[in-house]
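**Student:** Protein sequence lines correspond, in order, to chains P and V.
Take any residue in the first sequence, note its place counting from 1, add 3, and you have its number in my numbering.
So that you can map any letter, position 241 of the second sequence is 239 in my numbering, and since no number is skipped, the others follow by simple counting.
Simulated from the structure, these hints should not be mistaken for laboratory data.
Since the model is a prediction, treat every value here as computed from it, not as a measurement.
Please note: incorrect hints may appear among the correct ones.
Restraint-style ranges between C-beta atoms, simulated for each label pair [unchecked claim]: (1) T841/P <-> T271/V: 53 to 59 angstroms; (2) E258/V <-> S406/P: 43 to 49 angstroms; (3) T172/P <-> A219/V: 51 to 57 angstroms; (4) A219/V <-> A293/P: 56 to 62 angstroms; (5) E419/P <-> L257/V: 52 to 58 angstroms; (6) E258/V <-> A293/P: 33 to 39 angstroms; (7) S62/V <-> M673/P: 50 to 56 angstroms; (8) T254/V <-> R395/P: 35 to 41 angstroms.
Just so it is clear, CB atoms sit at the ideal spot from N, CA and C, and this is done for glycine as well.
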Amino acid sequence: MTLLVAYVRKMNRVLLVSLLVLSGCEGLVTTGPVPPGAEDGGTSACTPEQADLERQAGTYLQATCAHAGCHFPAGPRSPNLAAANLNALSTSGHVAPGHADRSPLILRMTTSDPLRAMPPTQAPAAGQPYVNADQVELVRRWIDQGAKTGCIEAPPPPPTDVNAIAQNTLFTCTQPVNLEPRYRRLGSPEWIHVFGGAQLDPAMAANPLSDSRGPYTTFSRDQSLDVTSLQLYLDVLANSRNFSAGPLINDWSAWYRDQRTGMVSYPCITDPQVAVTGIGQACRDQFIDALLARVLSRTPTPDEQTAMRGFLDQKLTAEGSPGDRQKTLRLVYEATFVLPGVLFQFEGATGGAVTADEYAQLLASALSTHTASNFITGYAPRPELAWLVGFRAAQDAGTLDTSGLRAQAARVFALENGFIGGEWPVTPPARPDLQSDWGNTEFLPSFFEHDPLRARRGRYWLAPRIAAFFREYFDYAKVGSIAKDVPAATSAFDLHDPTLHGPRNNIATWASASWRVFAGDDPTITQYEPYYDAQLDDTIARMVVTAERDNRDVFRALFTGTTFRTAASVGGDFIAGRPTGCDVDLCARSVVPNGANCCVDQQQQCVPHSIAADGGVVGMCATPTWEALWLGASFPYAGTAPMTDLHTAPVGADVVRDILSDPLHEQRWMTLPATERSGVLTHPAWLAAHGANAENGPSAVVRGYWIREHLFCESVAGLDLVQLRAQLGGDPTTSARSRLDATFGPAAAELRCSNGACHALMNPLGMPFEIYNHAGFVRAIDHGAPPNGTSTIPNWPGRGEVVVNDALELSRAIGDDPHARRCFLRHVFRYFVGRHETAADACVLADMETAFAGGSLSAALEALYAHDAMLMRAER
Amino acid sequence: MMNRRHFLMGASVGILAARSASAAATPPRRFVFMLSGNGFDGRVLMSQQMLQFAQANRGGVPISDLGRWGEDGAVSYGPMTAPQILSGDLTTAPALVNLGNLSSKSCVVLGLSSRITGGSHAASHGVLSSTRTIAGSPGGPTLDAVLAALPLVRGTGDARTPLAAMRVGYDPDAATTIAYTTCAAGAGRPLATLNSTLAAWTAFVGPLASSDGLAQLADRADVLALARSQLVSHVAPSRKTGAQILQYRTAVEDMTQDLERFRAVAAAARGATLPAKPLAGRPPLDALRDHCKTVSAGLRFGVSNVAVIGVGVGGAFHGIDYGAEFGVLAGKQNHDERHNYNSQGNDAGSVIVQRQQRRAAFFEVWRAEVEALVSIARDLEATPEPGTSDSMLDHTVLVYTSDNGDGHHSGASEFPVFMMGGGALGLRTGGRTLVYPDLMNGGTNHRQLSNLWQTLGGPLVSQKLDLFGAEGGTRVAAGPLADLYDPS
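For reference, chain P alone in the conformation it holds in the complex (with noise of 0.2 angstroms):
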């Protein structure tokens, strides 16, 4: 713990007391007398005000102005104004020491020209400085007393942006350089699989393994158990002994006790009615190897089998009565968890080759949300690790050596080897990659046919971490949280002026009401259709999967695809017995409910059902619960929704086979029109996902900056540094559109926003999406107007400014711009390694880039993880 323990002498503050009149030509200063003290530039002794002055103007610049994306080192901002880099600062031009009113950096501190303020904030009261006095004064004086550097241990230099990186170094190997030793962190789910839990249960999730540092999941790796953590972490694995893991595959002693046969390994141990003095100790030592093999999935160490076999005796010899033997088995199963061979998976620990068993739980992790222990006899493995059988037998074999290990990653990767992705048959199972937790659906029809929105998923999937990946990296699994109001506005399906019919309409209420989709809340619900996020989930698997077999390039297929998973429509008489036909229009005008336009049961409102061939909305009854949240996942689209699925039995086994026989299974599959849709980026789920609260709202900013970070790898000033007021100004009854030019444009007040570092980065990218709304819905009209998707954006990497007509063509462009697909490709690095690229990076990152010429993601996966630098690890 450290304080600030530095005397401030009490300070004489002059006010600014006027503005400054400001030179007719602000450029660098070149020349002019130098106060005395600051003749040799700063190599003198310094005075103790010097030094101060020195640690507090460094402290504000750094805070205020080194910031990712604005003045950072190697920034694209200049100057660099990093508290450590003043020296560079104070000879850079923008300073003169000594003379402070000549100085452009306090001229652009005190402007009132709002072009040119510095630091961007918020317009002032009429007469009032942008900046804040002080934080002038402060600048001013560390100036005028010569601009002194080298008085004080300059403080450690902020993190480096990622992004201010050269993405051409990024990509040009000079040197190779192997990946470091490491210990890779087990993360949540993964944790939790091997403990032998489930994911959906609340205290198995409440383990500290997915808080991560970084913008991926994956960068928790390189983190570590504190003090709070490890306390969490302890009281997870105590609480975790009175949950019930749903079925029985999942409870712990699973590893040991074959639920489906009963039969239960090492009895010498495992049997309450051996006394503890009649276990011998070739069985203690068998039963530790084995525990230990399926919780490390490697060979224990003899450090490890040590240190639990002592573990065991000791809670054996405590061990109160034969009654107690399952509890003491528990608490030797828990304690493993501590080892820190089973916290942390090991990369090159040894130094030098990464070993067999490694390389084993590399892979594991590239594909799975499980360890590469997730076996349980006789049980088949998960199929994204059925690898892992020819894996151990080499391994047995003795033939993974380094060019054995990549031909290993070889196979893996192989889209026609059924590991990373492919297309399920039409007979179940289905979606068996889906299934949460151990074993084979065949085994276990019990816990599939619960679960029969499954068999209404795609039959296309990708290996969950690479699944993962895509829904990370597009940042969509949120959509189901965010409120919409009246997710229809501006669409087709915006059938009610709010002004006409009153302030709320039910449509809108159902809307908005339906836009929530809270899994557990009803069961029911999540049931019968998978959500925008599921469905866009499948969406990409289908467009990976058939470009890697067809040999088309993925990523253009990522920004160009129209065949979207889509949701069936709610059918009026979905369960028997309910009332259809009613009269959306009227029924939302009539008070009383009349029978023939509305819906006889009060309980039941009139929703939109489906679009007829004449354009009109058929209505039908139902009760504004989960029918309206169904209802919301199939709208978005323009064109008609598609077919019902109607079972009126949605419980037992039947219905699944009723589902995957079901034609209307494959009519889920929509090929929307290519004037309404191309790729990812055009899918309800990302736009709403990245959308605002309102319909008007500032959808594109929202979506701009995505595509900044995302897509061009530069990074915009976080808005945790900005003091602003960020509000979208203008007629908050006018398109969002117009209210962005009225807050940004050239004749705005706020026109700080705009200057480069913010909002000039964002808002062009974010316009052509205008043609949809806040929820995804292709926009009917705009606030009278046509739809306008035109933008130029005029900072596009590589080409300057790019004119185009809406987000279908932006989408085409991204698909074919090669800055974007370096920066996809960086963005998988970051993922699947769990961390930052850096230049010492760059030959695996080019092979990755020659990997992918092509188009194949599994490729450039392939090239990551077979790498020389993947295999041999040295301290960098």
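Dock chain V against chain P, hints included.
**Tutor:** Coordinates of chain V only, in the frame set by chain P:
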């Protein structure tokens, strides 16, 4: 002098048993910080007398219902050359209406800025450290960590609390139970917050609440010994992996060190009435109330003397849906509602009505937050401090403030503060409202949040704390707030 003494069944026995060894020693000093995520409107803490003073000081112009403090000068307390100390009825403030007899042990502090923290969405660690968090990395230690490290606060020997601090929070969007956005041990060293009411209860109350919980602690000693044996002998292949092992080992050793104290505290609490295990998935204010029950028990039974409670702090406010308890906010996303809190120049008709309704609902939210903190104060007030004639409240300072100034996208120009207790530590409350010259008008008389932290971390704990935070040259005046404490 306590007006109401209701002893939790068996509580007094448990507490006395736990603390009897230290009865002759210095009584503990406790600190509880509750931070309201994304800020709150300081008007909820303004009594009628405060509003009258401000109106008079502003030349007859009342503080309007809307508008923000700070950089745009829309709202200020008017010209002031010295702090104004008002002694009106605090219960006339919207968030303090149910304060009751605790009003006399409470105070409100207004006019403190903390521009170093940056404002915007959240100050993160900056609020409690008076530094700037950059890219998630704290700029310095937070006050709770500073206090928790003091022997005078944590206690020594048999009075040492098993845990340095209880840090809890609420984040509806988090995929993880643990967060590192609010507290810090030092620059670049964030400290964890438990965002799950169940996890917090398990950690802080579970061992006290049942024989199973106590037995788990016993088992834990052996498990920690096993871990330690492996970590001590572990040879890591690189500096980075070595650092991971070292952090884990340090955690094991820290936990081992205080395990016996935890077992003693848990044993002493046997038979006491403790809060029940909370249910998961409760609405945010119910989760906050659950957290407060847990923290209250932890304070009273000596688990820790320091607590930080956050609601949507560190940027975790976005997806909060306050639920049916708060009317028009139900089903809405907090972030978007915050954007709509303040008026726009062209508001008209139904929009004005909606804003008024929204404002009223948020006032209720903040009142509920304050009352959740007050519930801890009531428990402490009803519990005697062993070895003294005081209540535990007299030896505990509770603070309610914002993690983001005065609201969404704030300029960090105004951090309204509500405090309770601490009378025996020298904190002067007495139902007062202390108004410091604000940022726009105060000049050299303006004071900052760091001055308040210097008060709590200085004279109230008998420490000489010359400065706190990293404001450097932007610090207006050194030293604690003299009007807040009794120097004797």
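**Student:** Does each hint fit the structure? Answer for all of them.
**Tutor:** Here is how each hint holds up against the structure:
no., hint, in the structure
1, T841/P <-> T271/V: 53 to 59 angstroms, "holds (56 angstroms)"
2, E258/V <-> S406/P: 43 to 49 angstroms, "violated (55 angstroms)"
3, T172/P <-> A219/V: 51 to 57 angstroms, "holds (52 angstroms)"
4, A219/V <-> A293/P: 56 to 62 angstroms, "violated (27 angstroms)"
5, E419/P <-> L257/V: 52 to 58 angstroms, "holds (55 angstroms)"
6, E258/V <-> A293/P: 33 to 39 angstroms, "holds (35 angstroms)"
7, S62/V <-> M673/P: 50 to 56 angstroms, "holds (53 angstroms)"
8, T254/V <-> R395/P: 35 to 41 angstroms, "holds (38 angstroms)"
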